[in-house]
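A.B. asks: Chains A and B supply the protein sequences, listed in that same order. Every letter in the first sequence is one number past the one before it in our numbering, and letter 104, counting from 1, is 104. Throughout, our numbering is defined as the position within the second sequence, counted from one, plus 352.
Read the hints as simulated data drawn from the structure, not as lab findings. One or more of the hints may lead you astray.
In silico negatives: residues of chain A with every beta carbon more than 12 Å from chain B [what the hints assert, rightly or not]: (1) R252; (2) W265; (3) D287; (4) P331.
In silico contact screen, one side only, chain B against chain A (beta carbon under 8 Å); selected entries [as the list claims (entries may be wrong)]: (5) A370; (6) Y405; (7) T411; (8) F507.
What the simulated footprint calls covered on chain B by chain A, stretch by stretch (three residues with Cβ under 8 Å from a Cβ of chain A suffice, anywhere in the stretch; the number is not a length) [stated by the list, open to error]: (9) 373 to 384; (10) 393 to 401; (11) 426 to 440; (12) 447 to 454; (13) 466 to 472.
Keep in mind it's a predicted model, so treat the numbers as computed, not measured. Every residue, glycine too, gets a C-beta built ideally from N, C-alpha and C.
Number of protein chains: 2
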Amino acid sequence: MRFGINLFPTVSPAEKPAAQHFDECLRLAELAEELGYDHVKTVEHHFTPYGGYSPDPVTFLAAAAARTSTIRLVTGAVIPAFTHPAQLAGKLAMLDNISHGRLSVGFGRAFLPDEFEAFQVCIDESRSRFTEGVEACRRLWSEQDVVWDGQYHKFGPVTLLPRPFQRPHPPMLVATARTPESCEAAGAAGYGLMMVPSINKVDQVQHMLDVYRTAWDAAGHDPSTQDVHMSYTCYLAEDDREARRLGGKYSRHTNAVMARAVAAWSRTSSADYRGYRQVVEKVRTSDFDKQVAGSKVLVGGPDEVAEKVATIRGWFGDVTLSLQVISGNQPVAESIRTMRLFADHVLPRFSA
Amino acid sequence: MRFGINLFPTVSPAEKPAAQHFDECLRLAELAEELGYDHVKTVEHHFTPYGGYSPDPVTFLAAAAARTSTIRLVTGAVIPAFTHPAQLAGKLAMLDNISHGRLSVGFGRAFLPDEFEAFQVCIDESRSRFTEGVEACRRLWSEQDVVWDGQYHKFGPVTLLPRPFQRPHPPMLVATARTPESCEAAGAAGYGLMMVPSINKVDQVQHMLDVYRTAWDAAGHDPSTQDVHMSYTCYLAEDDREARRLGGKYSRHTNAVMARAVAAWSRTSSADYRGYRQVVEKVRTSDFDKQVAGSKVLVGGPDEVAEKVATIRGWFGDVTLSLQVISGNQPVAESIRTMRLFADHVLPRFSA
Numbered sequence: 001m002r003f004g005i006n007l008f009p010t011v012s013p014a015e016k017p018a019a020q021h022f023d024e025c026l027r028l029a030e031l032a033e034e035l036g037y038d039h040v041k042t043v044e045h046h047f048t049p050y051g052g053y054s055p056d057p058v059t060f061l062a063a064a065a066a067r068t069s070t071i072r073l074v075t076g077a078v079i080p081a082f083t084h085p086a087q088l089a090g091k092l093a094m095l096d097n098i099s100h101g102r103l104s105v106g107f108g109r110a111f112l113p114d115e116f117e118a119f120q121v122c123i124d125e126s127r128s129r130f131t132e133g134v135e136a137c138r139r140l141w142s143e144q145d146v147v148w149d150g151q152y153h154k155f156g157p158v159t160l161l162p163r164p165f166q167r168p169h170p171p172m173l174v175a176t177a178r179t180p181e182s183c184e185a186a187g188a189a190g191y192g193l194m195m196v197p198s199i200n201k202v203d204q205v206q207h208m209l210d211v212y213r214t215a216w217d218a219a220g221h222d223p224s225t226q227d228v229h230m231s232y233t234c235y236l237a238e239d240d241r242e243a244r245r246l247g248g249k250y251s252r253h254t255n256a257v258m259a260r261a262v263a264a265w266s267r268t269s270s271a272d273y274r275g276y277r278q279v280v281e282k283v284r285t286s287d288f289d290k291q292v293a294g295s296k297v298l299v300g301g302p303d304e305v306a307e308k309v310a311t312i313r314g315w316f317g318d319v320t321l322s323l324q325v326i327s328g329n330q331p332v333a334e335s336i337r338t339m340r341l342f343a344d345h346v347l348p349r350f351s352a
Numbered sequence: 353m354r355f356g357i358n359l360f361p362t363v364s365p366a367e368k369p370a371a372q373h374f375d376e377c378l379r380l381a382e383l384a385e386e387l388g389y390d391h392v393k394t395v396e397h398h399f400t401p402y403g404g405y406s407p408d409p410v411t412f413l414a415a416a417a418a419r420t421s422t423i424r425l426v427t428g429a430v431i432p433a434f435t436h437p438a439q440l441a442g443k444l445a446m447l448d449n450i451s452h453g454r455l456s457v458g459f460g461r462a463f464l465p466d467e468f469e470a471f472q473v474c475i476d477e478s479r480s481r482f483t484e485g486v487e488a489c490r491r492l493w494s495e496q497d498v499v500w501d502g503q504y505h506k507f508g509p510v511t512l513l514p515r516p517f518q519r520p521h522p523p524m525l526v527a528t529a530r531t532p533e534s535c536e537a538a539g540a541a542g543y544g545l546m547m548v549p550s551i552n553k554v555d556q557v558q559h560m561l562d563v564y565r566t567a568w569d570a571a572g573h574d575p576s577t578q579d580v581h582m583s584y585t586c587y588l589a590e591d592d593r594e595a596r597r598l599g600g601k602y603s604r605h606t607n608a609v610m611a612r613a614v615a616a617w618s619r620t621s622s623a624d625y626r627g628y629r630q631v632v633e634k635v636r637t638s639d640f641d642k643q644v645a646g647s648k649v650l651v652g653g654p655d656e657v658a659e660k661v662a663t664i665r666g667w668f669g670d671v672t673l674s675l676q677v678i679s680g681n682q683p684v685a686e687s688i689r690t691m692r693l694f695a696d697h698v699l700p701r702f703s704a
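Use the sequences and the hints to build the structure in full.
C.D. replies: Below, the structure written as structure tokens:
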């Protein structure tokens, strides 16, 4: 298994000034490299404390690239629906070069109605814009004199500069919430998968993985390059009860922030987001103790968390875990404690 | 006067791999800070060796921010016509925080027909898109619950995150090639000005500056915050003739690269770019020795260049010079030599 950190901000300006947030995140990125983590990841969200401190993951990851030398940098995710593919592919190619090939690009469809509204993108076009954007980036990276005649963009012949460091292109992953068809498409295309297992039942996730891996094998892709990223909220303390008490507090904070960000789902419906309102509601009202007990979050003392990781490996195999270590408005010292305890006591038992 | 470096790439993948380019530029940014330069600047261009290694100046400047601690970071320029204002304002606000308030944002209209075509933006909308984009960024930075009802974008109420570090917003500058009306608008708005004096006659530049400063004063802006950036190709060697020989070689290389990038002007005309075809042609066919003699470029030995800076100060006053120190495909050692010689022999005579 591989383990990285996910720096998904869920704070507001009143809680933590942005400069402090970025200082802390750069420090955590350096620490992650020092402690042997596989990657540092961050998100694209806009306008609310739910991820809004990171409207452009590339900007933060470029700073992180300049402070590190071996750890991988992962967008989790960028949203092709909100950015022209030449802009998106261009800045990602810059980051791939600045980092000497340490970039993996996760693409997402986005799911917040308010974001679609602000960017004047119809949420029902989410899937088609995503598919077009991902494919346009892939071609801009891997081909020269690209002519693109899509539903949303037309351009070319153009040759993207800079050429990416990794050839034919950086590893690409797609984020999926719950749709087996998306998993199948990702497997067939040879893309990695980014999942949030906590929002689905274990057997649903297993089904999605089966579909993905079957499609991967059927397409003849190299099994050794398959990459499945799973995000987990992670909070460790020496003492199990202390970890649960504080982890619970930050988890409730995150849920409250998310609840406000997704409020628009109460007045939105889209065929492309079937059942989404319920999923969101489920997360928002989730029972933290049940999440702990069900290995939906990695919260507890080191031994307890190691058991949960073993459970997850038993369910899903040798996947890559992205540990959300800054949930809620937790002090950076607690993020550091989580990362150190995990690196000392859990990581060695599972890493390859 | 203040002096910064301008890292405008004019190389192709065949000449210099992008990873090497960025390694070198980060090294030059660190050196610039060490030597007491005021700022490091880079450009937004797409698809050709004329700036194409820098499709997103924010990505490079974020890496530079992480490697430096005092030098200012300047976009020279970002192009609002090609990016949604919320995306543009968002990533720039991230950079402002990552750098703890060291960002100055230069905005440009763009001028390459091929770029407008690729982004499916009508070149005749260049000015209106620029004006709308700059104003939308300013409001997203300085106000909360922004409602924007523009010609090209409609959104809100939204509150941009992160809030910029500098309040109400980072210093803003606008790039202008030759239009006195743009200078007047910039002065009235309290924005800085970015100019390329080599493409105009001295008295034209003086007229533009007069118009700008008159509008600035008339609007009652603080004279001490006025900022005029002028870009100059800069190449120094201990020996005057050696400097002219090599500076001329790189200048011709840059002109050839530019000539290919602007080729589309031969089949393009736009009321918003009156006389542009001729200006471009003039630069392309410019006589290097005349440029040296006319203080259009800062090329020569240290004393010779100091005399040129004195001439420029005499013409234009205490402006900020951005020195293009990577013109052509010059080895980084020569950029370093230029920066050291300038810092040792010229900078102390003119800096405040």
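A.B. asks: Decide, hint by hint, whether the structure agrees.
C.D. replies: Against the structure, the hints come out as follows:
no., hint, in the structure
1, R252, "holds (21 Å)"
2, W265, "holds (17 Å)"
3, D287, "holds (30 Å)"
4, P331, "holds (19 Å)"
5, A370, "holds (3 Å)"
6, Y405, "holds (5 Å)"
7, T411, "holds (4 Å)"
8, F507, "holds (4 Å)"
9, 373 to 384, "holds (count 3)"
10, 393 to 401, "holds (count 4)"
11, 426 to 440, "holds (count 5)"
12, 447 to 454, "holds (count 5)"
13, 466 to 472, "holds (count 5)"
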